[in-house]
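A.B. asks: Next come the chains, spelled out residue by residue.
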Amino acid sequence: MTWSYFIYFAIVAVLLWTFGALSAWKEKVRGAYLFTAGGLLVFFSFIIGMWITLEHPPLRTMGETRLWYSAFLPLVGLIVYARWNYKWILSFSTVLSTVFICVNIFRPEIHSKTLMPALQSPWFAPHVIVYMFAYALLGAATLMAVYSLAKRPKSHTASSSGTAHRSLMSSIDDLVRVGLAFLTFGMLFGALWAKEAWGHYWSWDPKETWAAITWFGYLVYIHYRQMPTHRRRIALWMLILCFVLLQVCWWGINYLPAAQGMSVHTYG
Amino acid sequence: MKEGFAIGGGLLAIGLLLQLTLGAIRWYAFAWPVNLIVLTAFLLFIVVATFLRNNNYPFHFLTTHRAAVPALVYAAALTIIMGLTRQSEGGSWFHDMLAFWPFALIYVYIAFLLALISFRRLSHMLRHDKRHHKGTHRNWLRDISFLLNHVGLFLVLVCASLGSPDIQRLRMVATIGQPESRAFNEEQLVKSIPMTIELKRFILETYDDGSPRRFASEIEVLVDKKKRVMATVDVNHPAKIQGWKIYQYGYDTSKGADSQISILELIHDPWLPYVYTGIYMMLAGALLLFLQRSYSSRGLTEEEYRKRLKAKDARKAEKAKKQKEFFSTDKTEHHKHHSHHSGSSEHSGHSGSSDHSGHSGHSDSDDPLPPHFHVEH
Ligand code: HEM
Numbered sequence: 001m002t003w004s005y006f007i008y009f010a011i012v013a014v015l016l017w018t019f020g021a022l023s024a025w026k027e028k029v030r031g032a033y034l035f036t037a038g039g040l041l042v043f044f045s046f047i048i049g050m051w052i053t054l055e056h057p058p059l060r061t062m063g064e065t066r067l068w069y070s071a072f073l074p075l076v077g078l079i080v081y082a083r084w085n086y087k088w089i090l091s092f093s094t095v096l097s098t099v100f101i102c103v104n105i106f107r108p109e110i111h112s113k114t115l116m117p118a119l120q121s122p123w124f125a126p127h128v129i130v131y132m133f134a135y136a137l138l139g140a141a142t143l144m145a146v147y148s149l150a151k152r153p154k155s156h157t158a159s160s161s162g163t164a165h166r167s168l169m170s171s172i173d174d175l176v177r178v179g180l181a182f183l184t185f186g187m188l189f190g191a192l193w194a195k196e197a198w199g200h201y202w203s204w205d206p207k208e209t210w211a212a213i214t215w216f217g218y219l220v221y222i223h224y225r226q227m228p229t230h231r232r233r234i235a236l237w238m239l240i241l242c243f244v245l246l247q248v249c250w251w252g253i254n255y256l257p258a259a260q261g262m263s264v265h266t267y268g
Numbered sequence: 001m002k003e004g005f006a007i008g009g010g011l012l013a014i015g016l017l018l019q020l021t022l023g024a025i026r027w028y029a030f031a032w033p034v035n036l037i038v039l040t041a042f043l044l045f046i047v048v049a050t051f052l053r054n055n056n057y058p059f060h061f062l063t064t065h066r067a068a069v070p071a072l073v074y075a076a077a078l079t080i081i082m083g084l085t086r087q088s089e090g091g092s093w094f095h096d097m098l099a100f101w102p103f104a105l106i107y108v109y110i111a112f113l114l115a116l117i118s119f120r121r122l123s124h125m126l127r128h129d130k131r132h133h134k135g136t137h138r139n140w141l142r143d144i145s146f147l148l149n150h151v152g153l154f155l156v157l158v159c160a161s162l163g164s165p166d167i168q169r170l171r172m173v174a175t176i177g178q179p180e181s182r183a184f185n186e187e188q189l190v191k192s193i194p195m196t197i198e199l200k201r202f203i204l205e206t207y208d209d210g211s212p213r214r215f216a217s218e219i220e221v222l223v224d225k226k227k228r229v230m231a232t233v234d235v236n237h238p239a240k241i242q243g244w245k246i247y248q249y250g251y252d253t254s255k256g257a258d259s260q261i262s263i264l265e266l267i268h269d270p271w272l273p274y275v276y277t278g279i280y281m282m283l284a285g286a287l288l289l290f291l292q293r294s295y296s297s298r299g300l301t302e303e304e305y306r307k308r309l310k311a312k313d314a315r316k317a318e319k320a321k322k323q324k325e326f327f328s329t330d331k332t333e334h335h336k337h338h339s340h341h342s343g344s345s346e347h348s349g350h351s352g353s354s355d356h357s358g359h360s361g362h363s364d365s366d367d368p369l370p371p372h373f374h375v376e377h
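Line by line, the protein sequences give chains A and B.
1 is the number of the first residue of the first sequence in the numbering used here; add one for each residue after it.
1 is the number of the first residue of the second sequence in the numbering used here; add one for each residue after it.
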């Protein structure tokens with residue numbers, strides 16, 4: 001198996017995932033499972049083919065790791081779908097996965113871009129994939145928070161609007177809780193990896209510091225929401241602020257003067 | 001919440017005073033065995049505080065969300081400052097945040113809160129188990145998840161910070177054919193290590209463009225002058241010998257694959273197993289968080305909430321009244337009686353009053369509702 005076959009596997013997989021996502025929207029649960037699982041089967045056969053040809057897991061180049069994100073996104077999407085039946089989650093994971101697939105198809109030169117030895121770790125893929133998924137979930141929660149803030153209740157006494165708010169808020173809480181779980185995984189996988197690669201599990205370099213900040217931010221939200229006296233709008237604004245912090249952690253630190261030349265996590 | 005923010009503000013003020021009078025924190029002063037003594041004192045203090053909190057408002061307050069949320073906000077804020085300023089060891093104030101007293105005090109405070117709420121939760125679980133309350137059931141999944149997250153974070157925070165002065169991080173230049181037992185610390189002082197290392201072979205593999213793909217050292221280690229061990233040290237795959245981890249650090253880049261030397265890093269961190277225990281607990285806790293149902297998925301209406309609030313107040317007033325009676329009648333017997341008494345009043349609060357029927361645990365939480373109930377505004 002080589003990269004030249006990738007496009008065929010990718011097209012079939014993306015088509016199947018798209019059918020799966022559409023079935024989920026139309027509440028055809030069985031179709032959603034079958035199509036998404038079928039797409040995963042096709043995509044994973046390519047990965048396994050590569051594995052056999054290369055004689056090692058395809059995890060050494062940037063293109064190869066991107067292959068794993070593309071596969072794991074629909075997988076985790078399917079798990080979340082099975083757990084909470086969100087209609088939109090499969091569309092979301094399909095779109096994100098397609099973006100990574102397109103990068104691999106349209107910029108083939110990065111297939112051979114090499115990974116420095118420190119990145120060749122079994123922790124690398126899980127660390128990054130889990131973070132990507134956390135970012136995706138928390139992004140979705142933020143969108144829903146913005147929507148909820150923008151939508152003013154039509155009448156103050158109508159209890160139906162209260163019920164609508166409540167179900168929206170509990171979806172947001174579910175997303176944040178699962179997002180925080182993934183964020184925790186990402187951070188701790190990072191710590192375990194750092195110990196193997198750099199000798200210490202936590203060095204407070206800028207990326208780690210901002211990861212901690214983001215994590216604390218979402219902890220504030222989760223605990224604040226458990227207070228019986230909390231205010232819904234304050235909680236929602238917190239989520240937006242947290243997402244800003246998340247952006248700083250993800251790419252913003254590349255532009256922070258305090259972080260220039262300090263981070264082991266910027267590889268150019 | 002105001003009190004919570006006031007406590008955090010007070011800690012910041014104390015921290016600033018300490019920073020002004022004592023200067024930055026000298027973590028090395030906590031090296032073994034001082035850290036063990038500090039940890040023991042801290043835990044003893046927490047145990048005492050746990051017993052006090054039943055009838056002591058300040059300690060009770062510390063186990064509520066009204067203390068936790070402000071503490072987390074302060075931690076986030078100070079960490080943001082850290083993220084916005086350039087850090088260097090020995091820097092002043094914000095520029096060496098890890099040695100900045102207010103930063104450290106807020107984190108100690110968080111560890112303290114974590115320990116308090118964990119002990120409290122544990123005691124609730126044990127008491128519940130003994131009594132078999134009728135009409136209530138504990139949600140064990142929730143309890144376990146709570147403990148894994150909170151105790152795990154406690155272990156990580158405490159063991160990572162108190163253990164940091166005990167970490168030894170040494171460099172050694174291993175040469176082919178020359179057993180070496182000298183390693184240097186960051187101040188270039190020679191440190192003794194319980195082993196001798198000889199480089200047998202240095203390996204360098206490159207990509208087609210010449211950039212290194214793998215570099216590794218095959219070494220022979222003589223441990224305690226008797227046992228010989230062969231090991232390969234790869235980037236990302238340190239060798240583990242006698243409590244030390246040996247890392248591939250560098251090589252003679254001017255010679256490349258023909259390098260006759262290999263620079264190794266030797267790290268000894270006696271507290272690592274405890275930190276890892278905490279990390280694994282948090283990983284398990286995060287997994288359970290993933291499985292748990294939303295705490296807010298069973299909302300209450302405003303009306304139900306007010307009812308509960310009133311019932312809670314009434315129960316509290318009654319409890320306070322009974323306590324007063326005890327104090328005024330017999331002070332010497334108070335302790336024995338009180339524990340019995342508070343237990344039974346809690347019991348009646350659980351199964352006696354109808355508005356308590358559906359939920360689990362949290363009986364004497366200061367928040368009128370258990371965390372999984374909430375009200376929208
Ligand atoms: C690993 C990070 C943390 C996670 C994932 C987490 C999660 C949670 C969850 C899910 C609950 C609800 C428990 C339940 O309903 O059974 C909770 C409660 C609570 N948390 Fe945390 N928390 C974390 C860190 C903290 C920290 C750092 C503090 C203190 C500063 C704190 C203080 C509290 C308090 C006071 C409660 C209420 C306890 C009770 O009512 O029994 N938590 N936390």
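Read the hints as simulated data drawn from the structure, not as lab findings.
Please read these numbers as outputs of a predicted model, since none were measured by experiment.
Check the hints yourself; a few may be wrong.
As the list claims (entries may be wrong) - Computed list of lysine to aspartate or glutamate pairs in EDC-like fashion (alpha-carbon distance at most 20 Å, straight line):
{"no.": "1", "chain 1": "B", "residue 1": "K225", "chain 2": "B", "residue 2": "E180"}
{"no.": "2", "chain 1": "B", "residue 1": "K240", "chain 2": "A", "residue 2": "E196"}
{"no.": "3", "chain 1": "B", "residue 1": "K191", "chain 2": "B", "residue 2": "D258"}
{"no.": "4", "chain 1": "B", "residue 1": "K245", "chain 2": "B", "residue 2": "D143"}
{"no.": "5", "chain 1": "B", "residue 1": "K240", "chain 2": "B", "residue 2": "D209"}
{"no.": "6", "chain 1": "B", "residue 1": "K245", "chain 2": "A", "residue 2": "E196"}
A.B. asks: All the hints need checking, so say for each whether the structure fits it.
C.D. replies: Okay, the hints, checked on the actual structure:
1. Restraint check for K225/B and E180/B: the C-alpha separation of about 12 Å stays at or below 20 Å, so the hint holds.
2. At roughly 11 Å between alpha-carbon atoms, K240/B and E196/A fall within 20 Å of each other, so this suggested pair holds.
3. Under the criterion of a C-alpha separation no larger than 20 Å, the hint pairing K191/B with D258/B is inconsistent with the structure, at around 29 Å.
4. Pair hint K245/B plus D143/B does not hold up; C-alpha atoms about 36 Å apart against a cutoff of 20 Å.
5. Restraint check: the Cα-Cα separation between K240/B and D209/B comes to about 33 Å, which exceeds 20 Å; the hinted pair is violated.
6. Taking the CA atoms of K245/B and E196/A, the gap is near 9 Å; set against the 20 Å cutoff, the hint holds.
Of the numbered hints given earlier, the model fails hints 3, 4 and 5; all others are met.
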